[in-house]
Every structure is written in C-alpha cells, then in structure tokens.
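Q: Given chain S's structure and the hints, the job is docking chain X onto it.
Protein chains: 2
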Amino acid sequence: MHFDLKHTDSKTKARAGELHTDHGVIETPIFMPVGTAGTVKGVHQHELKDDIAAQIILGNTYHLFLRPGLEVIEGAGGLHKFNGWDRPILTDSGGYQVYSLSGARKITEEGVKFQSHHDGSYHFFTPERAIDIQRTIGADIIMAFDECTPYPCDYNYAKRSMHMTHRWLQRCMNQMNATESKYGYDQVLFPIVQGSTYKDLRTESAETIASHNAFGNAIGGLSVGEPDEDLYEMTDLVCGILPTEKPRYLMGVGTPQNLLECIAMGVDMFDCVMPTRNARHGLIFTSEGTMNMKNEKWANDFTPLDPNGTSYVDSFYTKAYVRHLIKSKEYLGAQITSIHNLAFYLALVKEARVRILNGTFSAWKDEMIPKLGRRL
Amino acid sequence: MHFDLKHTDSKTKARAGELHTDHGVIETPIFMPVGTAGTVKGVHQHELKDDIAAQIILGNTYHLFLRPGLEVIEGAGGLHKFNGWDRPILTDSGGYQVYSLSGARKITEEGVKFQSHHDGSYHFFTPERAIDIQRTIGADIIMAFDECTPYPCDYNYAKRSMHMTHRWLQRCMNQMNATESKYGYDQVLFPIVQGSTYKDLRTESAETIASHNAFGNAIGGLSVGEPDEDLYEMTDLVCGILPTEKPRYLMGVGTPQNLLECIAMGVDMFDCVMPTRNARHGLIFTSEGTMNMKNEKWANDFTPLDPNGTSYVDSFYTKAYVRHLIKSKEYLGAQITSIHNLAFYLALVKEARVRILNGTFSAWKDEMIPKLGRRL
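Note that the protein sequences, when read in sequence, are chains S and X.
Quick note, the first sequence lines up with residues 120 to 495 if you use this note's numbering.
Quick note, the second sequence lines up with residues 120 to 495 if you use this note's numbering.
The reader is advised that the hints may include incorrect statements.
Repeated chains share a single entry, so a pair holds when one copy, or any two copies, can fit it.
[As the list claims (entries may be wrong)] Calculated pairs, SDA-like style, for lysine to any residue (alpha carbon to alpha carbon, straight line, at most 20 Å):
1. Lys160 with Leu220
2. Lys446 with Leu189
3. Lys125 with Gly143
4. Lys301 with His121
5. Lys200 with Pro423
6. Lys413 with Val191
These aren't lab readings, by the way, just hints derived from the structure by calculation.
Note that the structure is a prediction, hence the values are computed from the model and not measured.
Next comes chain S alone, as it looks inside the complex (with noise of 0.2 Å):
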C-alpha cells in the first residue's frame, strides 16, 4: 500500500492524491459511505459501484462483531468476502460505538467491558484486542483503538483520556507489528489524534501521532456536537501538524459544506453516516441546497428528484414520487434518496478533486458553500 500525493492547491491546503491498496485506488480527497452491519442500509453492492461510485466503504467493529460475529466473517474469508464488496473497506476501532451505544461500559487502562445493545452480554476491547478484530474481519485500512471524548469536555479529563488513546497507540503498534494479514492482502494502521476543543491538547496529540510515522492519520473527538467553528479550528491546527506526505482522515465528518472546508485543510478522507441516516428521513442533499422530501410543496412537483444529480434515480424518479414514498414510510423512499445523497456526496468530492487539479478549487468552493445551505 502506498499514498501518492498528486497536487496541493496553491490557494489552499486541498490536496489530490491517490491511495493505493491491494482493493484497488482511491482518489482522494474521497468520502466513505458507512456500512455498519457490512451493508450501507438500503443499497444494494452493485449499486454501491455503479449508481454511487464509492471507492471504499466503511465497517463498524463493535457492530461486526456483535452481529454477525467474527466466526462467521471469518469463515467467509473476510467481511470483503461475506458481503462481496471487492474494493477497500476500513473499519472503526468499536471505540466510538462502545461509548455511544453501550449502556454499561468501564473504561480501565487496560481497555473497555462493555455490554451488547442486542443481549447485554458483556464484552471487553483491549487495544490489542480491537487490531485482531480488525485483522479478522479484513480491513484494508485499521484504526487505532482510542477513547473518543463527549463534547463538552473538562479540559482535565481530554487530557487524560489523549494520554491513555496514546499509550493505548503503542500498544495497537505492537500489536500490528506482531501480527500478520490475514488473508494475503495489505493491512495498515491509522492512529487517531484526540484532545477535544483544545488548542495545546490537539497540538500535543498531532505531534504524537505525527512521530509514530504511521501509513495514515486521522483526526477523532469532532463531529461529536461542538460548533462548526471549533470543528474548523481544530481540523487547520492539526493539518498543519500531520505529515504531509501521508493521507489524512477526519473521522464522522460532515456536511457537504464540512467536506469543503475541512478539504482546503488539507483533509483527505472523511466518512459520515448523515448521508443515509438523513435520506432515511427524507432529507436530501443537492448542489442547489438541501430539500426535506416530506414536505406539501413537493407533492405535486413531477419534476425530476434532481435535474443536477448524477444518479439515474435523479432523473428517473420524480421529486412528487419521492415525496409518495418518503411519507408513506416506503422502503423503496430510502433506497432512492440514499443513492441520491451518497452518489451527491461522491460527486462532490470527485468535482473538488478535479478542481484542485485544475487550479480553479477555491473559487468553485467560495461559490458552492453558501449554495449548499440553502433550503430547497
């Protein structure tokens, strides 16, 4: 596996590149539909490839391996197998679903007991422990194993916690250096910087994780409530701090306007569940603004979903039928609009990457912004 960086654009920190794994090239800057259960909800693989055009998707750790279990994956051959998804997938460490999701957790140094949200069976994540799950289940790129603070945080306690997510580091390091692949093909780690909405935290934690030389870095602890403008400010701070050579990776982010700015960072990857999880209720993204399909004024509206949409179901269906099918709870509501918003989300990157290419990225992001916070 290797990360080429192409170009950065000269009027801001936005960078093209191209990030080699044995699943094939990812352009970057990219964005990674997340498919939690090994499915991105509503859309069918082939979809996935041809309507949407997603390079890598995403698979939840804690999700897997709950459900349906790392005996099972592992007997398909990897989750690439199991769900036939042949290009790359990367996978969360179960940290951040372990926090949010399990009602009775206890976080020692030694790692996390938690229960299950299906049984309530009780579990416990190592560092060590999250690396051979995710070796297991096949990622072709891991994450560190790293305790993902609440928003807001006592500055005493990001403290802590992003010393305990680096010594937590060293041990996931240890733990991928004494293990192999699992199934023949290329794993790296991403070490995950923390330290909440702290300028001198983050600046510590980006230049920890910046030491390890990692294959790539991620930024963790945001998108997690604070304002867009700690977002910003921490997502610069710590850009300027990760190497530039290696791709970087905004864990949970965002908007199609995050994607832009945290682009001109310098911000290489990103991966957000707010493209499905809102199609499912009916909100779609478009390069005009945003629409809430559930409302009267589209009722009679037998124009296409989105005349600017490079997704068949953009012109196929109608934005009245949409509506139809959105209010009266049709499954087929949430399969349109969720290749809607992801195939919206994947061209969105794809332009700003021609556009960094082209010299023209800062202009055409000055342009989209105020556009993409419309109310359609």
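A: Only chain X this time, still in chain S's reference frame:
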C-alpha cells in the same frame, strides 16, 4: 386490447396465451407483483424489469386513493407516469382493502362507507366511483367493485352478497360504458366471480359473470383462509364455466404449488403479496423448497443464496450474508429476498408456459409440486 389463446395443454386444462395491452404484451400464465402504494416494496422499477422480468404489476385502489390521492396521480398523468413503470398495471377495486383494513365500514346497496386507516377520515366508494377512481389511476385492467366474503361465510350471507356483487357489476359496466379512457390508452374491466365455497353459488356467479362477455374474468373470494381443497374445487368449477377465449385471473393466490395447480385448471393470471411479504420476514421460495433465512443453519453457509435462481442476487449474495441481514433487520435483506422471491415466481410461470407449449407441463408439475412443498 386483445387476448390470444396460443395453446391448451392436452393432459391438463393449462393454457398459454398473450394478453396485448397498450403498455405491452403479457405472456400468460403470469404472476403479477403487488405494488400496493405504487411501489413493489423494496424493489426499484428497473429491478422489476431487469432482474425480476415482471410484465405487469398491481396497484391497490384503496391505498392509492388515500395516499398520494387522485389529484397527485392525475397531475402526474396517471400511475405509470407517477411511478415510472411503463408496462401494464392492474388495479383492484378497493373493495378487498375496505373490508380487511378498515375499522369502521358500512355496506349498503349503494356502496361502502369506510374510514381511512391513516387518519380516520370518512370516504364512500360506490361501483361507479370505483370505476372513476381506477380510470384516474390509469389502470390498463380495472376490476369490478365487489364484496369479498370472508371464510367461513354463512350460506345466506354469501348468497345475498353475491347477488349484490352482480348488481354492482352491472353498475360498473354501465359506468365503464359511460366514461372514456383517461390517458389515451385502452382500459378494460374484469368482473369478479364470488359465491364463497358453495358450489351452487359459484356456478350461478360464474354463469352470470360469463354472460357479461367482458374482456377477461376474475375469481375472487378465495385465498381468504379456506383449505386448499376448497380453493382448488371452486377454481376448477369456475374455470369450467368461464369462457375459454378470455383470460382468467385468480385473485390473491398464492403459494408456488397453488399457482401450478391452478394453472393446470386453466387460470392465466395471479397476484399475491406472499412473495414480497414473506421475503420481508426472511422466507424464500426456491425450486427445491422453502427456506427460512433466520435459521441458524444458514449462519455459516457461504454458498450462493439459490444456485438454481434466475436473478443475480441468487449468485452474488450468500445464504450466510442474507441470514445476517435478515437477522439484523437491514433494508438490504428484504431487498434481496424480495427480488429473489419475485424472480422465482416469474421464472416459475415462465417455465410453466414453456412446458405448456412443448407438452411437458403435466409431468413437470407432478415433479415440481413435492419439491416446492419441502422445507430446506
């Protein structure tokens, strides 16, 4: 519109025909997927065409009348334009849903007053109104407004109800004659034989319906809980009376075995929610028997979903993956099983047609029936 009877089997009463509509030719015997609210649940329109090979779908008048409502459908230019399905559509008359879904309803000679299951609002359907609504929805095949009696049904109630259904039929036919096709293409009326499970009533009803010389004829009031023997006895009896040169539609039937048995009696058209409803519960039909995808036995079975299946989902997805999706209540599980079941039903009637045309239907049916009934 016209119906060409191409061939009748020599050993059974099975028939192969062609039903020509302004939206294309339907090769019979045919199964019609149910698209209750203008969408076959979990299935994209292009999947209906490309992966399932559906030739005609159903819409439910009751549901479409309440949501999105006639104003929207008429504004779109009819249901075909509204949902993007450009092949034939058949609508039921709304009667069945009024009886089965509505809480408060009152049947009089004039029609049926009922409450919406959405908001409790009151509505009144008459035979004339049912025709007008179906004209506006834009069905190629319009069903007469009837009363579908429950099972079991008191003889005297069944007799009175049947006579009312016959009087309503005359009003439906008058209304059809007094009105024109709404969108330029032909719309035809199918009357419905009733009479519960009483041979004398079924005989009288079939003779009455046959005398109207409609484009095609339907058998209603079956598949409402009666034993299969009653279903078969009534269907066989009625098929012996209905004119041979017109298509025969057995409403709401049924299992794959039901289809083959009733094809052998001379039925040309079927619809049923079973393939899609069961799919959403993880139950699939195959040429070797039925499978409950929730079963533990599939957890580690990484073979294709159905090696004999005709749709791409059968070879692309494994049993273990589909089990995981169904157990996890993921959209994609229902999407896959819905495509599978409908593709299986369509492949079954297509094979039946080939067998009828080449004279091997009877032997093939006898071989298939026991297999179809197995639980894998």
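Q: It remains to establish, for every hint, whether it holds in the given structure.
A: To see whether the hints hold, each was checked on the structure:
1. Taking the shortest Cα distances, Lys160 and Leu220 sit within 20 Å of each other inside one copy (18 Å), while across copies they are farther apart (30 Å).
2. For the homomeric pair Lys446 and Leu189, the shortest alpha-carbon distance between copies (16 Å) is at most 20 Å, but the shortest distance inside one copy (38 Å) is not.
3. Taking CA atoms no more than 20 Å apart as the test, Lys125 paired with Gly143 passes inside one copy only; the shortest distance there is 17 Å, against 53 Å between copies.
4. Proximity of Lys301 and His121 under a CA criterion of 20 Å is satisfied intra-copy only: 19 Å inside one chain copy versus 63 Å between copies.
5. Taking the shortest alpha-carbon separations for Lys200 and Pro423, only the inter-copy value of 12 Å comes in at or below 20 Å, while the best intra-copy value is 36 Å.
6. In the homo-oligomer, the alpha carbons of Lys413 and Val191 lie at most 20 Å apart only across protomers (15 Å), although the nearest pairing inside one protomer, at 39 Å, exceeds that limit.
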